[in-house]
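Starting from the structure of chain Y, add chain Z where the hints point.
Line by line, the protein sequences give chains Y and Z.
Counted the way the working numbering counts, the first sequence spans residues 22 to 376.
Counted the way the working numbering counts, the second sequence spans residues -19 to 377.
Take the hints with a grain of salt, since some may be wrong.
[As the list claims (entries may be wrong)] Derived Cβ-Cβ restraints for the label pairs, each shown as a range:
hint: 1; chain 1: Z; residue 1: Lys73; chain 2: Y; residue 2: Pro69; range: 57 to 65 angstroms
hint: 2; chain 1: Y; residue 1: Glu292; chain 2: Z; residue 2: Glu354; range: 43 to 51 angstroms
hint: 3; chain 1: Y; residue 1: Met345; chain 2: Z; residue 2: Glu38; range: 54 to 62 angstroms
hint: 4; chain 1: Z; residue 1: Lys352; chain 2: Y; residue 2: Gly179; range: 39 to 47 angstroms
Just so you know, these hints were derived from the structure itself, not from any lab.
Positions of the beta carbon are idealized from the N, C-alpha and C atoms, including for glycine.
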Amino acid sequence: MSEIFINGISCISPQETFNNSDFPAEWTDYSGDFLSCREPVYKDHINPTLARRLSRYIKMGVTTALTALKDAGTEMPEAIITGTGLGSTEDNEKILLAMHENQERMINPTHFIQSTHNTISSQIAIMLKCHHYNNTYVHRGFSFESALLDAMLLLREGRSRTALVGGVDALTEGHYINYERISRWRRNRSGSLKMITDQGKGVIPGEGSAHFVLSTDKTETSYASLKALKLVYKPAEPAALTDAASNLLKDGGLLPQDISLLLYGHNGDPEGDRWYQDFHQSLFCGTPSAYYKHLCGEYDTAGAFALWMASMIMRRGRVPSGIMTKEGAAGDIRHLLIYTHHRGDQHVLCLLSRV
Amino acid sequence: MPPKVFITGRGIFSSIGQGLSASLESLLAGRSGKGPIRILETLHREFPVAEVPYHDEELIRMNGLDPAGTYTRTFLIALPAVKEALESAGINKLDEARTGFISATTVGGMDKKENFYHIAAESQEWLKYIDTQDVAEHTERLADHFGFRDFVTTASTACSSGANAIMLGARMIRQGLLDRVVAGGNECLTRFHLNGFNSLMILDKEACKPFDQNRGGISLGEGAGYVVLESEAMLEKSGKKALCELSGYGNSCEAFHPTASSPDGIGAFLAMSQALEMAGLKPQDIDYINAHGTGTDSNDISEGTAIMRLFGEHVPPVSSTKPITGHTTSAAGSIEAIICSLALEHGLLLPNLNWKTPMTDLNFTPVERLEKKELRHVLSNSFGFGGNNTCLLLSKL
Chain Y
22 MSEIFINGIS
32 CISPQETFNN
42 SDFPAEWTDY
52 SGDFLSCREP
62 VYKDHINPTL
72 ARRLSRYIKM
82 GVTTALTALK
92 DAGTEMPEAI
102 ITGTGLGSTE
112 DNEKILLAMH
122 ENQERMINPT
132 HFIQSTHNTI
142 SSQIAIMLKC
152 HHYNNTYVHR
162 GFSFESALLD
172 AMLLLREGRS
182 RTALVGGVDA
192 LTEGHYINYE
202 RISRWRRNRS
212 GSLKMITDQG
222 KGVIPGEGSA
232 HFVLSTDKTE
242 TSYASLKALK
252 LVYKPAEPAA
262 LTDAASNLLK
272 DGGLLPQDIS
282 LLLYGHNGDP
292 EGDRWYQDFH
302 QSLFCGTPSA
312 YYKHLCGEYD
322 TAGAFALWMA
332 SMIMRRGRVP
342 SGIMTKEGAA
352 GDIRHLLIYT
362 HHRGDQHVLC
372 LLSRV
Chain Z
-19 MPPKVFITGR
-9 GIFSSIGQGL
1 SASLESLLAG
11 RSGKGPIRIL
21 ETLHREFPVA
31 EVPYHDEELI
41 RMNGLDPAGT
51 YTRTFLIALP
61 AVKEALESAG
71 INKLDEARTG
81 FISATTVGGM
91 DKKENFYHIA
101 AESQEWLKYI
111 DTQDVAEHTE
121 RLADHFGFRD
131 FVTTASTACS
141 SGANAIMLGA
151 RMIRQGLLDR
161 VVAGGNECLT
171 RFHLNGFNSL
181 MILDKEACKP
191 FDQNRGGISL
201 GEGAGYVVLE
211 SEAMLEKSGK
221 KALCELSGYG
231 NSCEAFHPTA
241 SSPDGIGAFL
251 AMSQALEMAG
261 LKPQDIDYIN
271 AHGTGTDSND
281 ISEGTAIMRL
291 FGEHVPPVSS
301 TKPITGHTTS
311 AAGSIEAIIC
321 SLALEHGLLL
331 PNLNWKTPMT
341 DLNFTPVERL
351 EKKELRHVLS
361 NSFGFGGNNT
371 CLLLSKL
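Excised from the complex, chain Y in its bound form (with noise of 0.2 angstroms):
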């Protein structure tokens, strides 16, 4: 089975993560119940007339798309697949407002056109004129995953020998207020950054998106080696979890003890922080571990971001300071796990090793 290399990436995020070859120099804390993007100036990689007509989400994952290439010295992937939780929803709430409103006349066909969530990769590959694979994944807490596992088929499939794969989200103001009414968010009282230890039930709403350009060909250039990928749905116990992991890394070749650093999604809900304590406790107890989602909140495809954090980390060879459990911790970094769920419910292992 072929090796699989993470050559390019890219990230917009509420962090400066964008076009930024290091960590940044320091974390921004965000003190409003949400977290934005630092969104970069679209027109510098979007042609302002086609920016101007697109949706502030395919704008955010076509910029990261583009940059992830760049960064690979990729002009043209062999396949295209993004995962998207939100997708449209944009577009979607205008045409149900203008719906609404107009009593069904008067419909703008520009949001009909985005309104179907595989806009971001086929408005890609229109950019890119690649006419290859291309899929979209919708699911929750295993869209960027799904997208993800489909480009790892791909590639040892000897189909594709790089692909392109993001994972796209933009909270919208109807999104928001519609889930504050059944009691998802809660109250960000001590700053963002804080998010993980100032507990409480509910979530701190993010966004963001990130790209990354998976090859067969190991570059100069490349970030990492993606070993691995389990996506869980609705595990009874944690022992399902644990028995997942074991034999991910069996497969590998690997024990536990091997793992020098462990990527978490804690988000300060302590009902579903609980499975990563459980998972930690029964297999990598004293293991450094670390956290993402104090960093860009909590959303569908934030697996992405911590899959960009990950390479980051493989490639730098350091972990950046204010995500450590304990700091100073972690040491030579050979193998990360990520582990990370959403609501309980899409349960998600990712394996990384240094290149």
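Frame of chain Y; chain Z shown alone:
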């Protein structure tokens, strides 16, 4: 040689029938599910649609669900199709093999959201539906209803969604990640997409007539179709006889326009070519093409041109069954794959209803009447917005 993947079960629920045998009867009789709008609440009564002829309350009752529950129409339409697929494959216990569930839709819970969204700030009723509005809700509801645990996800590529769900299932089986997969798509009619297609001016006020020179656009439909895919090893173990083989598939992107198809049909050509190449077949081996054939100006010329480019002077029988089922969008790929499996099983060339006038730019005309013919290999085309083109190749055993 990668291991083979077979179709061992099918479930369908649409305007032409509740279940496989009723659907086959409608296909044999050339009976269309289309008619005036009866169920969908909309001001646009001018378009014929192919509706599942039951209100949500009736579907809740037919499915034996708790009337107090909150269900999207998407879920209510998909449930009987998944149930039939499992039953027809003789699967009683999901945990006896690694079983995945891959569903597909585009509108998801939009049927409820569109009733509440404008009054979202006030409505108490809406509270119950807020967490059902996304695309994946129906997938998880179905997974939990039936007990799928080993792999669950949702593909969403507009009108090729159902075909892409099936393709992913087959690929996971081939790589040994799963033993069997229930995969397919579904879509319920919504005001949202009826208005959306209308804003693009691609809905036909008459019943749609694909591949006709005077075609006037799409007739929308709703429904669900799911297939059971199993590995060769699973069949050897159980001794079960498969219905047909999923011998190839192709996925390609037009990379041309967000909604219109390219004039040269490059995406369609590549998707069909890849499917053939994968199965090691030549164009002359194909006995029938179930076309995407939506009846829009842009699709039919694009798809027709791609077919001519691939098959030259020897275009096999082609038809679009959308005049019968309506364009069921995200379900089209899986419903039409099931129709193709019926065509293989019963040796049928299905008619392209409503067709009268040949298209001047094409060298072929579609199948006009139901014909009996022994079929070996058939293609099923599904193309979506954004140029997401997928082709499935089904072969007789």
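Verification of the supplied hints:
no., hint, result
1, Lys73/Z to Pro69/Y: 57 to 65 angstroms, "holds (58 angstroms)"
2, Glu292/Y to Glu354/Z: 43 to 51 angstroms, "violated (60 angstroms)"
3, Met345/Y to Glu38/Z: 54 to 62 angstroms, "holds (57 angstroms)"
4, Lys352/Z to Gly179/Y: 39 to 47 angstroms, "holds (41 angstroms)"
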